[in-house]
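Now for the letters of each chain:
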Amino acid sequence: MDTSTILITGMGVISAAGNNAGETLLSFKQGTRNAGPVTLFPTILKSPVFEVRRLPAGYYREGLRTLSLALIAVDQALQDARLGDLSKFRVGVCMGTTVASQLNALQFYKSYRESGAAPMTSVDRFLKGNLAEFIARKIGARGPQASVVNACSSGTDAIGIALSWLKSGLCDIAIAGGADELNHVPYCGFNSLGIANPGLCAPFDRDRKGLNLGEGAGVLVMETRETARKRGASADLMLSGYGSSSDAYHLTAPSPEGVGLKAALAAALSEAGIGPSSIGFVNAHGTGTHDNDQVEGTVLAEVFGPGLKMLSTKGLTGHTLGAAGGIEAVFTSLGLREGWIPASAGFQNRDEAIPLAPVRETTAISGRYAISTSLAFGGTNAAIVIGREAGS
Amino acid sequence: MKIVGIGMVCSEGQGIASLEKALQRGWKEPVTVVTPHIPGGAYPAYLVDFANLPDKTLLKKIRRSDAVSKMSVLAAADALANSGIKDITQKKLGIILTTAFGPHVTTFNFLDDILDHGDAAVSPTTFSNSVHNAAASYIAMSLHIKGPTITITQFQFSFQSGLQLAQAWLDQGRCDYVLAGAVDQYGDVLGYVADHKLTTARDGKIKPFTFKPTVQVPGEGAAFFLLGNKNGGEAYCTVDAIHTNDDPDHDQSVDINIIDANGMLPDESAYLPSLSKEIPTAAYSPLFGSMMIGSAFNMAAGALMLKQQRQYATPVQDNPHTIRLLTETEDCALAKIRCTGYNCYAERSVIYLTKV
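Same order as they appear, the protein sequences are chains A and B.
In this text, residue positions in the first sequence follow this note's numbering: the first is 1, and each later residue adds one.
In this text, residue positions in the second sequence follow this note's numbering: the first is 1, and each later residue adds one.
Any given hint could turn out to be false.
[Said to hold, decoys possible] Covered stretches of chain A (chain B as the covering partner; in silico rule of three or more C-beta atoms under 8 angstroms from a C-beta of chain B):
#, stretch
1, 99-108
2, 156-167
[As the list claims (entries may be wrong)] Here are the simulated lysine-lysine pairs, DSSO-like style, with alpha carbons at most 27 angstroms apart:
#, chain 1, residue 1, chain 2, residue 2
3, B, K355, B, K336
4, A, K262, B, K60
5, A, K230, A, K167
6, A, K230, A, K29
7, A, K138, B, K197
8, A, K46, A, K209
9, B, K92, B, K355
10, A, K128, A, K138
11, B, K230, B, K60
12, A, K138, A, K110
13, B, K212, B, K197
14, B, K355, B, K91
15, A, K167, B, K230
16, A, K29, A, K209
17, B, K307, B, K28
18, A, K167, B, K91
19, B, K197, A, K128
20, B, K212, B, K277
21, A, K128, A, K110
22, B, K307, B, K336
23, B, K205, B, K28
24, B, K91, B, K205
25, B, K86, B, K60
26, B, K197, A, K167
27, A, K128, B, K212
28, B, K92, A, K110
29, B, K277, A, K262
[Unchecked claim] Some residues of chain A that are not near chain B, with every Cβ distance over 10 angstroms (derived):
#, residue
30, R53
31, R137
32, A263
33, A266
34, K309
Calculated directly from the structure, the hints in this document are not laboratory data.
Using N, Cα and C, we set each Cβ at its ideal position, and we do this for glycine too.
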């Protein structure tokens with residue numbers, strides 16, 4: 001079987017920037033920033049967030065918001081890929097998340113702590129809510145499954161793992177991406193780290209003051225060229241490379257030299273068989289925190305040169321944690337397909353300490369390839385190369 | 001792919017020698033853990049005794065980490081050392097950590113912070129350690145590993161999923177070696193949940209062959225494997241195949257079946273049709289406790305048996321279904337072992353191990 005080319009045949013996305021790809025592109029053109037105070041849980045904290053304001057009808061699941069978001073993106077992606085009967089194929093499901101992996105139900109725990117007993121409803125939801133397992137069972141996928149819990153790089157890593165599955169023949173089709181809800185626990189956690197922005201985030205800006213949390217899901221359907229040919233599917237995009245590397249430096253801070261990010265970029269480019277000059281743009285992790293943007297901007301300038309077209313979409317979606325890699329893979333794909341990228345929302349003043357600035361306005365892009373990066377807690381770095389099919 | 005090193009932390013201690021000792025000795029009574037929030041509550045459990053672990057250097061280095069990270073780092077370091085490969089961290093080395101529940105005790109500590117002090121006065125250190133990939137990151141930092149580092153959670157099939165990925169990474173040349181392992185921790189909330197949803201063995205004895213009804217005794221620990229395609233001579237065994245959801249190799253002849261049955265499902269009778277009258281069956285969960293990632297410990301037992309060419313009797317031999325059990329500990333010729341697990345949907349996973 002020819003596993004050298006992995007096509008992207010479907011995409012699904014939901015975030016504060018829109019409930020699907022069409023709404024998202026409109027938001028991007030208008031530069032809409034749908035941020036506001038937290039409405040999903042009570043809190044005294046004030047950092048604005050990017051919530052998904054209305055879930056499409058039929059997707060609400062009590063206490064399983066991350067799963068709801070994931071299913072919306074999966075259904076969109078399956079529809080986009082025109083995948084109906086999956087029984088003829090080995091279909092793998094690989095989903096990144098942070099929230100769905102933790103039994104962090106405050107009310108359950110409060111009850112247990114106070115009385116030594118608690119209803120099992122939250123536990124049952126947690127046990128049934130493993131993203132990859134639930135999605136695979138719902139759509140009848142019988143291939144490999146993995147829920148990737150690599151903090152903020154989970155979504156990118158999930159897509160990279162799916163690439164490995166497809167190339168090794170473990171499955172014919174893979175559904176991969178990430179999903180996370182806005183949740184009380186990480187909201188408090190990021191505030192405690194002192195990196196939650198009291199205002200709106202401004203990735204790569206001189207005066208950046210931290211991140212805003214968000215929520216959403218982004219999913220790709222990927223398949224070998226042979227599988228696509230067999231089922232009569234066509235595609236204009238492909239997943240060309242993936243790289244992952246650890247800083248081995250610090251639990252919460254990136255390596256100042258960006259050692260891991262450089263290695264991840266080199267591995268992704270190498271697998272794609274291209275050099276840095278082939279990259280049309282980079283959708284950067286760009287959280288709006290001082291350290292991330294400093295390190296990432298410096299490494300991107302070093303690898304791709306100061307003329308690189310680069311943006312962060314976190315100013316339009318917030319930092320969606322385990323979903324970010326999935327959502328931004330979809331955004332990167334859309335950018336390649338549409339031939340433009342939006343202004344890097346929130347960026348106003350160049351930081352002279354960063355030798356690269358993101359785009360300030362909607363920008364036409366050229367080139368067949370683009371990169372999406374993710375940098376995570378624990379010093380994990382991941383990068384994927386997405387390409388346009390020749391002649392598309 | 002070959003298993004070239006094994007590291008372990010469990011109630012028996014640290015290192016593959018601790019597993020060997022337990023396999024040789026047989027069943028041992030668990031400790032009793034008093035639960036702080038349940039008046040008079042106490043459960044049997046197989047817990048890691050950190051105070052009596054031999055390695056103090058690494059523990060000191062990662063003193064701010066939680067128990068999940070400590071167990072992971074110690075087991076991972078042991079696996080590297082056990083391989084005997086010089087300068088292993090200078091090679092293309094990846095980390096795949098798998099877990100069913102991750103650092104849940106630290107997560108509950110963080111919830112304590114929120115409940116006791118409010119949203120604005122929680123500990124950033126506790127939050128950082130409550131993130132699922134903290135343990136893998138501590139491994140990378142402590143052992144200076146800069147390759148791809150992934151954490152996967154898939155409940156009963158977490159470990160199998162990690163093994164599949166390790167195989168793919170090795171075959172594609174993404175890594176020369178992969179440090180793949182599984183870790184889970186006991187905590188009083190998990191003990192309460194397990195007791196509520198399952199049946200705790202009040203005598204402390206897991207009976208893996210009763211199948212229905214089942215009894216469980218919570219365990220904790222970490223088992224790590226250094227995996228590679230290159231090193232053959234000193235390897236424990238080859239991992240021939242890892243299947244989830246199906247088993248196309250089921251007709252293959254094997255010398256021993258090891259099953260993951262451990263009372264973590266209220267009904268484990270799905271195992272019964274997978275067993276054969278001709279092939280002796282073993283289950284080693286009574287040595288280390290009930291864990292969704294128990295398959296990693298069973299695989300370690302299988303790998304040890306293939307390397308030593310020695311079989312170990314199944315430690316608890318209650319056998320109401322009169323299946324053929326592995327009842328004797330003795331030297332013998334072993335070529336192939338199958339490790340089988342089921343999840344709560346009665347889906348099957350298998351790992352085939354072969355003598356090098």
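Check your understanding: Holds or violated: is the Cβ of A263(A) farther than 10 angstroms from all Cβ atoms of chain B?
Key -> violated (7 angstroms)
**Study point:** Restraint status (C-alpha distance of K91(B) to K205(B) at most 27 angstroms)
**Key:** Cα-Cα ~43 angstroms, so violated.
Review point. Do the alpha carbons of K128(A) and K212(B) lie within 27 angstroms of each other, as the hint requires?
Key: holds (22 angstroms)
Exercise for review: Test coverage of the stretch 99-108 of chain A by chain B using CB-CB distances below 8 angstroms; three residues minimum.
Suggested key: Coverage by chain B holds for the stretch 99-108 of chain A (5 residues, Cβ < 8 angstroms).
Review point. Regarding the pair K92(B) and K110(A), is the alpha-carbon distance no greater than 27 angstroms?
Key: Distance of about 45 angstroms is beyond 27 angstroms: violated.
Point to revise | Given hint K167(A) paired with K230(A) - CA-CA distance at most 27 angstroms | key: Holds, at about 17 angstroms.
Review point. Keeping to a limit of 27 angstroms between CA atoms, is the pair of K167(A) and K91(B) held or broken?
Key: Roughly 23 angstroms separates the two Cα atoms, so the pair holds.
Exercise for review: Please work out if K138(A) and K110(A) have their alpha carbons no farther apart than 27 angstroms.
Suggested key: Outside the cut-off at roughly 32 angstroms; violated.
Check your understanding: Is the Cβ of A266(A) farther than 10 angstroms from every Cβ of chain B?
Key -> Holds, because the least Cβ-Cβ distance between A266(A) and chain B comes to about 12 angstroms, which exceeds 10 angstroms.
**Study point:** Hinted pair K230(B) and K60(B), Cα distance within 27 angstroms
**Key:** This hinted pair is violated, its Cα atoms lying about 34 angstroms apart.
Practice item. Measure nothing beyond the straight line between the CA atoms of K307(B) and K28(B); if it is 27 angstroms or shorter, mark the hint as holding. Key: Distance ~25 angstroms between K307(B) and K28(B) Cα, so the pair holds.
Exercise for review: Quickly compare the C-alpha distance for K86(B) and K60(B) to 27 angstroms and report which way the hint goes.
Suggested key: holds (24 angstroms)
Hints 4, 6, 11, 12, 24, 26, 28, 29, 31 and 32, counting from the list given before, are not met by this structure.
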